[in-house]
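Participant: Construct the entire structure; sequences and hints are all you get.
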Amino acid sequence: MIVMGVDPGIATTGVAFICEKKGQLNFLYAKAIVTSPSLSIPARLLNLVKPLRLMIEKFQPDVLVLEHLFFNTNAKTALIIGQARGAVQLTSAMHNIPVIEYTPLQVKTALTGYGRADKSQIQKMVKSILKLPKILSPDDVADAAAIALTHCFSYKMNTKRLVKSV
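In terms of numbering that gives the first Met the number 0, the sequence shown has 83 at position 84, counting the first letter as 1, and numbering is strictly consecutive.
Honestly, the hints are just simulated from the structure, not real lab data.
As the structure is a prediction and not an experimental result, all values here were calculated from the model.
Do not take every clue at face value.
[Said to hold, decoys possible] Pair ranges (Cβ atoms, derived):
1. L38 / G81: 16 to 22 Å
2. K75 / R52: 25 to 31 Å
3. I40 / S127: 35 to 41 Å
4. K49 / I134: 37 to 43 Å
5. G22 / L104: 41 to 47 Å
6. I99 / P137: 19 to 25 Å
7. L104 / S127: 17 to 23 Å
[Said to hold, decoys possible] Lysine-lysine pairs mimicking DSS-like chemistry, simulated, CA-CA at most 27 Å apart:
8. K57 / K20
9. K75 / K126
10. K21 / K123
11. K49 / K75
12. K30 / K49
13. K133 / K118
14. K57 / K30
15. K21 / K57
16. K30 / K126
17. K49 / K123
18. K75 / K118
19. K30 / K130
20. K30 / K123
21. K133 / K57
22. K123 / K20
23. K75 / K133
24. K30 / K118
25. K130 / K118
26. K130 / K21
27. K30 / K20
28. K133 / K30
29. K20 / K133
For each residue, glycine too, the CB sits at the ideal point set by N, CA and C.
Facilitator: Right under this line is the structure:
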């Protein structure tokens, strides 16, 4: 199973691909897609979608995972991130790839066992689990990898439950 983790944003979108096969996790690729603030929002969204499509065509993920969005302070930020999320989800739908969302609590718990883990703890776990030489950067890329790993762990647990219940 190839999992595409995405941490969407209008300025920077983190993308990470992880392959899970027979319980082994392999890091395939990660990238930050950066858009220019001098462009209009529609142009920035287009500059986000183009590389996403190329990556999807190259890696052919089985699933795309996102962090569940919830904002309770800045509505403008939520709206702009929502537009980026919509562009990511549309791109996924155009390639018939299912989208699954996880809450920040689920990501933190899956990677550290502690729902209040901070960003540096998550980044260190991503590095350790994937046996990377250094912490992924920028943060958006590390977050995308964390979300992808969360799905790998959740999928594995759900599959075990299904097998046991049969």
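Participant: Each of the hints needs a verdict: does it hold here or not?
Facilitator: For each hint, the structure was consulted:
| no. | hint | result |
| --- | --- | --- |
| 1 | L38 / G81: 16 to 22 Å | 18 Å, holds |
| 2 | K75 / R52: 25 to 31 Å | 28 Å, holds |
| 3 | I40 / S127: 35 to 41 Å | 37 Å, holds |
| 4 | K49 / I134: 37 to 43 Å | 28 Å, violated |
| 5 | G22 / L104: 41 to 47 Å | 25 Å, violated |
| 6 | I99 / P137: 19 to 25 Å | 23 Å, holds |
| 7 | L104 / S127: 17 to 23 Å | 21 Å, holds |
| 8 | K57 / K20 | 18 Å, holds |
| 9 | K75 / K126 | 33 Å, violated |
| 10 | K21 / K123 | 24 Å, holds |
| 11 | K49 / K75 | 25 Å, holds |
| 12 | K30 / K49 | 13 Å, holds |
| 13 | K133 / K118 | 15 Å, holds |
| 14 | K57 / K30 | 13 Å, holds |
| 15 | K21 / K57 | 22 Å, holds |
| 16 | K30 / K126 | 15 Å, holds |
| 17 | K49 / K123 | 30 Å, violated |
| 18 | K75 / K118 | 24 Å, holds |
| 19 | K30 / K130 | 17 Å, holds |
| 20 | K30 / K123 | 18 Å, holds |
| 21 | K133 / K57 | 25 Å, holds |
| 22 | K123 / K20 | 23 Å, holds |
| 23 | K75 / K133 | 34 Å, violated |
| 24 | K30 / K118 | 18 Å, holds |
| 25 | K130 / K118 | 18 Å, holds |
| 26 | K130 / K21 | 17 Å, holds |
| 27 | K30 / K20 | 22 Å, holds |
| 28 | K133 / K30 | 15 Å, holds |
| 29 | K20 / K133 | 23 Å, holds |
The earlier numbered hints that this structure contradicts are 4, 5, 9, 17, 23.
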